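Asker: Sequence:
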Amino acid sequence: MAERSGLSVSAATPIGGSTRLKISGTLDSSTYHQARNSVISAAIEEPEAVVVDVSELHAPAESAWAAFTSARWHVSRWPDIPVVLVCDHEAGRAAIERSGAARHVPVHGDERAAAQAVRNPRGSRRRATAGLDADRGCLRSARTLMAKWLTQWAHADMVIAASTVATVFLENVLEHTTSRPVLLVEAIDDRVMVVVCDESRELAARQELSCTRTVSGLAIVAALSRSWGCNPTAEGKTVWAVLGPENRL
1 MAERSGLSVS AATPIGGSTR LKISGTLDSS TYHQARNSVI SAAIEEPEAV
51 VVDVSELHAP AESAWAAFTS ARWHVSRWPD IPVVLVCDHE AGRAAIERSG
101 AARHVPVHGD ERAAAQAVRN PRGSRRRATA GLDADRGCLR SARTLMAKWL
151 TQWAHADMVI AASTVATVFL ENVLEHTTSR PVLLVEAIDD RVMVVVCDES
201 RELAARQELS CTRTVSGLAI VAALSRSWGC NPTAEGKTVW AVLGPENRL
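The UniProt record's numbering puts the sequence shown at residues 1 to 249.
For the record, the hints were derived by calculation from the structure and aren't laboratory data.
Any given hint could be a false lead.
Unchecked claim - Lysine to aspartate or glutamate pairs mimicking EDC-like chemistry, simulated, CA-CA at most 16 Å apart:
hint, residue 1, residue 2
1, Lys22, Asp110
2, Lys22, Glu111
3, Lys148, Asp110
4, Lys22, Asp88
5, Lys148, Glu111
What the hints assert, rightly or not - Label-pair ranges, simulated between beta-carbon atoms:
hint, residue 1, residue 2, range
6, Ser76, Gln152, 24 to 32 Å
7, Arg248, Gly16, 34 to 42 Å
8, Ala223, Ser29, 31 to 39 Å
9, Arg77, Gly16, 50 to 58 Å
10, Gly100, Thr13, 26 to 34 Å
11, Thr13, Pro60, 23 to 31 Å
12, Arg125, Ser30, 46 to 54 Å
13, Ser216, Ser63, 32 to 40 Å
14, Leu249, Arg180, 37 to 45 Å
15, Arg248, Arg127, 19 to 27 Å
16, Ser55, Gly131, 35 to 43 Å
17, Thr13, Glu97, 24 to 32 Å
18, Gly100, Ala234, 19 to 27 Å
Quantities reported herein were computed from a predicted structural model and do not represent experimental measurements.
The C-beta atom is built at its ideal place from N, Cα and C for all residues, glycine as well.
Build the full structure now, drawing on both the sequences and the hints.
Answerer: Shown next as structure tokens:
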């Protein structure tokens, strides 16, 4: 159980194919990011949905419920996991509705109703992950693993593009953090997702210097992928990119 600044977040537990979190205490400006990042961390594990019990969570300002809207926004492109709230009392559900959060994160009276409301059909999925060393050798290891996994999954034509994206992400970890990176690669139907996690809370941002001809690594990622992004997590951050057939090299 994680506690800080008046907020308690239970360890994620499975309920069917979904993940359950229980968040209690006070949701305000000092705990907003902890609540949001806890939901994002649970979603990145890719359950069918994240069901968050907020029955014992109090928000002095109703606008604070936007923490859950923000969490859903962060995972809307990848891994696109539904987030639903459970509140067992009418007053809490009414407050969430008034805040506007329920337009993006539905709220239900119990877990059974929440589970019935979740419908997230997903295609055939392959997923592999590996922890890497925090040195330049991780770049070669990542390329080797990428070629192995994608070839096994009949996506050999995506190896070059996906390896290039992974290299950019890993070089950023080596340059800007002291973390040991974690590489995650996933294939769903004709899409390939490249994900790198680290323990730094500084979010990745694309930057170009107008006075030079230098192109940033993340500009290359943007050119080679359908979409990319950076999600804060309870442990640090996750940088990801989604590649489709049009991104083959």
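Asker: Now look at each hint and say whether the structure bears it out.
Answerer: Right, here's what the structure says about each hint:
no.	hint	in the structure
1	Lys22 <-> Asp110	holds, 12 Å
2	Lys22 <-> Glu111	holds, 11 Å
3	Lys148 <-> Asp110	violated, 44 Å
4	Lys22 <-> Asp88	holds, 12 Å
5	Lys148 <-> Glu111	violated, 40 Å
6	Ser76 <-> Gln152: 24 to 32 Å	holds, 29 Å
7	Arg248 <-> Gly16: 34 to 42 Å	holds, 37 Å
8	Ala223 <-> Ser29: 31 to 39 Å	holds, 37 Å
9	Arg77 <-> Gly16: 50 to 58 Å	violated, 25 Å
10	Gly100 <-> Thr13: 26 to 34 Å	holds, 29 Å
11	Thr13 <-> Pro60: 23 to 31 Å	holds, 28 Å
12	Arg125 <-> Ser30: 46 to 54 Å	violated, 37 Å
13	Ser216 <-> Ser63: 32 to 40 Å	holds, 35 Å
14	Leu249 <-> Arg180: 37 to 45 Å	violated, 28 Å
15	Arg248 <-> Arg127: 19 to 27 Å	holds, 21 Å
16	Ser55 <-> Gly131: 35 to 43 Å	holds, 36 Å
17	Thr13 <-> Glu97: 24 to 32 Å	holds, 27 Å
18	Gly100 <-> Ala234: 19 to 27 Å	holds, 25 Å
The structure does not agree with the numbered hints 3, 5, 9, 12 and 14 stated previously, though it agrees with the rest.
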